[in-house]
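Undergrad: Sequences and hints are given; from them, build the entire structure.
Chains as they are written, first to last, in my numbering: chain A, 1 to 113; chain B, 1001 to 1112.
Worth flagging that the hints you see were computed from the coordinates, not collected in a lab.
Be aware that one or more of the hints could be misleading.
Derived list of chain B stretches under chain A, where covered just means 3 residues or more per stretch with a C-beta under 8 Å from a C-beta of chain A [said to hold, decoys possible]:
| no. | segment |
| --- | --- |
| 1 | 1028-1041 |
| 2 | 1045-1051 |
| 3 | 1072-1082 |
Not everything, but these chain A residues come out facing chain B in the computed CB check (under 8 Å) [unchecked claim]:
| no. | residue |
| --- | --- |
| 4 | S33 |
| 5 | Q41 |
| 6 | H103 |
| 7 | N106 |
In silico negatives: residues of chain A with every beta carbon more than 10 Å from chain B [what the hints assert, rightly or not]:
| no. | residue |
| --- | --- |
| 8 | Q44 |
| 9 | L102 |
| 10 | T111 |
Think of the CB as a built atom: it goes at the ideal place given N, C-alpha and C, for glycine as much as any other residue.
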Amino acid sequence: DAGVTQSPTHLIKTRGQQVTLRCSPKSGHDTVSWYQQALGQGPQFIFQYYEEEERQRGNFPDRFSGHQFPNYSSELNVNALLLGDSALYLCASRSGGGGSPLHFGNGTRLTVT
Amino acid sequence: GENVEQHPSTLSVQEGDSAVIKCTYSDSASNYFPWYKQELGKGPQLIIDIRSNVGEKKDQRIAVTLNKTAKHFSLHITETQPEDSAVYFCAAPSGSARQLTFGSGTQLTVLP
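TA: Here it is as structure tokens:
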């Protein structure tokens, strides 16, 4: 039973560029959330997707956008990258819109130079 | 929104000793409290969770206690082993339970 899988594992981008990160949820899960984890800190909620719609958004600018596909997989897009966007981006999945256990992938390490 | 505070930020124990990590939360409506273990280079792994209708839950060497009145919950690890060394995060739900708010983490080091 595959868990949450993310790609790529590492990425280096230049300021101003755009990036797309990808996530496949754990088998049987239909809800995907994205979190940003800066070095030495806890994960910060970016947004959640359920039934292909953004259901809730954290305190992140519009440069951060996402998408969920009919097979429940998801993408996170970040435009106009800033140095401060360097972080570990975590995808998490669960069954149903909320209240069930959240399972995380191993993340994508994004470095912006 | 929810605010979660976690203590201590670092904790060193001798192998075989117990470790306790404490968290407080602000939203009295929160009803689900997970704990995650994060090893270097990996994502957070759910190790135990508790719902507000119980005061304690155990899973082998790991236990979590919840005090709803005081709005705090704790992780207890007994008979610690070197492989328990990792960063541990507590969390609480907010925003109609669609998101988790995490504590700042505890770096646990188990000394052999």
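Undergrad: When the hints from earlier in the document are held up against this structure, which numbers fail?
TA: 3, 8, 9
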